[in-house]
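Participant: Work out the full structure, taking the sequences as your base and the hints as a guide.
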Amino acid sequence: MRTTTSGHRGRLPALPGLPWQRTPTVVEQAPEFDGEPDPARAPVPTQLRMKYAHRHLLVTPEGLWAFYRLEGVDWPMQTPAARQAVIADQTFRLADLTGKRIWIRGLSNPFPHQAYARRLYEDNPDRLPDVPGARTFADVIDAAQRHTIALDARRPVAILGVLVSDYVVHAEHLPLLLGTAPLAQNMGEIARVRRDLAEVTAAVRRAGFGAQPLSAKALRWVIHASVGLGAPVPPALLGGDPKGWSDDGVPGFTNPVYPTEAPYAPTTVLRTMRASVQHTAHVAVLHADAFDERDTDNPDLLPFLAWTQTLDHLVEYCAVFDVLPGRTLKGAAELDRRRAKNIAAHHEEHDDDPPAAVLRGIERARAVEDEVANGSREVACRLRGVVMLAVTGPDEATTLQTAADVSVAAAQEQGMHLVHDYGQYDSYRAFIPGEVCPMSGHITQMPAYFAASGVPNATSSAGDPTGFPLGSIAGSHDVFLFDTHGGARRNKSNLVAIGGDPGCGKSSTAAALAEWCAVRGIRTVGYDPSGPWARLCDLPHLAGHARHLSLTGGYKGILVPHLMVLDPRREDYDDPGSFTAAMEEARAERMELAIDSFRDLLPYSMVTGDRTGAIQGSIETAVTDLGGDYGINPWAIVDRLERAGDTGRLIADRLKARALLKDGALVFPERHRDVDDDPGKRLMEQAALTVITMEGLTLPPKDQPDRSLWSRQALASVPILNLGSRFAMRTIYADRKPKAVLLDELGISTGGAGSFSSFAVRSAFDSRKWNALVGLVFQNPNTLMALDAQIGNLAGAAFIGRMDDTAARAGLPLLRLRDDSGYHHAITALAPGEFLVRDWLGRARKVYVDRSWWDPHLFAALDTTPGGEGTYRDDDGDDIFTGVA
Amino acid sequence: MPTISTDDAARRQEFIWLGPVNSPWPFEARGRAWIMAVLLCPVLVVIAGALAPRPLIEAAFPGPAAVLVTGLGSVVIGVAAGVGVTRALGRLVSPTRPLAHHVALLGMEVAAPREQTARTHRLAPQAQAWIEDAPSNRTPRLLLVPPLAQDDDADEATNEVKEMDR
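For the record, the sequence lines run as chains A and B.
Take the first sequence: its position 27, counting from 1, is numbered 27 in the working numbering, and each next residue is one higher.
In the working numbering, each residue carries its 1-based index in the second sequence increased by 1000.
There's no promise every hint is true.
[To be verified] With a Cα cut of at most 20 Å, we get these calculated EDC-like pairs of lysine to aspartate or glutamate: (1) K341/A <-> E1028/B; (2) K341/A <-> E1014/B; (3) K341/A <-> D1008/B; (4) K737/A <-> E122/A; (5) K737/A <-> D574/A; (6) K556/A <-> D676/A; (7) K330/A <-> E1028/B.
It should be emphasised that the hints constitute simulated quantities derived from the structure, not laboratory data.
Facilitator: Encoded structure:
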């Protein structure tokens, strides 16, 4: 017996020269080898069938293969029509490959932990300096890496191989197949193969497959991952880092694998060398023997190939088909029909009812004959071949149990009946590019549209290539990364709407995003009138970089309406016309804000009793007479009102009285003194994280939208809250560097309809232009919708947590989902911590926001659950039945 | 409710010969089982006849009766064996796993690398595999399978074993 020991540090080796290298990482245990391979036995090279490889081309004795990566197609939360369109596209693509043999392979690409960490580190050069004794930025990245490792995050990859020609091209001629230069006259066969290859490449590039030829490096990765099934595979970074391999380990073309199989054994044993560590895996290959009918309108039915990537177990698939034109099957289809009818007739001769399977066969044979004889090319096209699933495990018993579980799941969820046959070694080799697939049994024939419903490239992946690891995506093994400035990077709105019932985790998620921005050195403002976010300023790692600003204790005139909307800068506009328009827009918004604020400063009964509109009119006249220039003194408006008749004088008197109160004094500076904006600017620029609160203010009730039922103090806080949110928003205009402003719901729900509409539009556009994350936290989407019905279009991303049925329906537009899509049921069924998230690209996914990896101090600061996390138990604590069979 | 299905329901029909009209067999057998039995029985009858214990039969049934008994016995035994073999094999044969598949499986199982052999198999690409990343690079690089630590270890271990043997 020989035990292998290794100093290999597992899948998270330290990056040299980077700060997190000191962190201990996951240690991978080398398996017991039980004396195999016996040192006394000389290894016999068993070579793969591939002879030459050139970029995505592979030459085997069977001919020339070309390999492509299929582009992922969005599948979850799509409309039935969109899904049908995908299936239709893929049907056409398969029909385009008529006459070829195709090899479709599904693999799992591990999440590139190292590359992700490196990118985070390199993308944030302005991160906050480390605070002695507190968590460092490297610790954050390390925790994020550990989290993705713990999730076993991986992404599906679908590879398509096409046997382009049975002509065995010589290695020297392979580059000629990809060139365009004229070929010599004696190279007619090469010219024919080149033509075929160009046709295949053009066909698979079209909609549905969107396939791209594999790079040589990617093809190596596919071979590497296929030969060593069950062994760790480095991430391929197929769509990410252009440098290719990450530092997780660069393998050779493929390290040798030692396969063995006992006679008629249920598994093949693979002993694999990976980074000097030996791994033993038992591989069981299951064949799809039969498929039930599939209802393509069933929204819960996943594609039968992509479905394998959603299982808890690591399951890979391989489908090998000959794509046959319908006309060649006409005779066989007729024979099938006649045979089935003869069988039925024979039973009737004996006064026996034909078996139901025979009657179904007759019916199906008629349809097949009609399709192949009279159908269009796509309808007539048939695929004949095998579909195989490979499951792996550390030992035979585990593998067989996994195979049994997968078989049950396949039958139950997909109507796909799997069988476990012999000849496992040859079946395993079929998973390797270029190898021969045994086609003696388990042959299934299906129309192209049925095979297309397998949608091998359907993906649940969403989110960004880098960013905050939000949590795992439901229905996949992928992790959702949220780039806080991903919208601006894509030249779109960088406004994110975060909503949900109390306790669903929206506030803590928003605060965590604020903290994530702050530690990266991004100037961040959190506006939370009720105050819990202020605890962020006490986090040890933010010491000296965070400021808690209580506006109620601020100086007089800090919330002057005409200071809350800054003038646009000339250098930010290409032409004078657009700059002038922006100036006009800013003036108009200031006036709207001033009108809303002055109206709300008046007693509620006075405003609601204004049936003639005299009060509203007087305020509008006074404000518009003075204009919307930056820095207009509110006392000037009061003076104008005093000269505007009885109504104006009444309003002015009320406003002067309000200016004497604590909250009103924030809007009005000292009388006869100029407006001074510098203290406010300085307050915002002094810290990486500024949390603005309104302590001492009586806040409106969150669950009562009817203002007539609010207390007087709550009504009086409305304009202050609204102006406070504008005060926070001014940060985004400070410079062009990334910024983040997150606003709690109170600041939004109390905003006036007139000013909020322009505020939302400006936020959406300016968040892009000024590279700012603007987060709007709300409880009920109706609040937002009532203020601006276009908020769904203005938001670049959205997080929707658990809500009741009515609110959930209103939240669908934020997710860009149709009202009649039925996904409001998914929202009402969300558990605390779960969100339906629309990423910056418009893909909606169910994401569980996993807080387990958060910094304990952050977690404690944001935990608003009474008694702390985990105090609530669903069970009654009576464990009398525990363990009873 | 639009549903789609494979062609297998049409292609996997199996004929069951119930017997002549008005005289059905008391058993059911698939058409391919009949064919297999018809092909197998004559062979097994001949084999049974060849293996028959003729001295014993001639001792018990002297004269021409021995030939008759041998013949009848061979037929009975051959047919019975043919039916038995057909039934045994028939259980394994289905439209998705035809007889040829089992023959192919036998070949695969025979050729598969075994654990308990003098030599172990190492699955790897050919050492002469051409790898060329850039289209402009007309001279392909030769990529060799990197030497394994295990191979070195194996050599060392082999030497140790030899030393111990001495």
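Participant: Please go over all the hints and tell whether each is borne out by the structure.
Facilitator: Cross-check of the supplied hints:
1. K341/A <-> E1028/B: Holds: K341/A and E1028/B sit about 19 Å apart, inside 20 Å.
2. K341/A <-> E1014/B: Holds, because 11 Å separates the two Cα atoms, which is no more than 20 Å.
3. K341/A <-> D1008/B: Answer holds: K341/A to D1008/B is near 16 Å, not above 20 Å.
4. K737/A <-> E122/A: holds (16 Å)
5. K737/A <-> D574/A: holds (19 Å)
6. K556/A <-> D676/A: OK: K556/A and D676/A at ~10 Å, within 20 Å.
7. K330/A <-> E1028/B: violated (31 Å)
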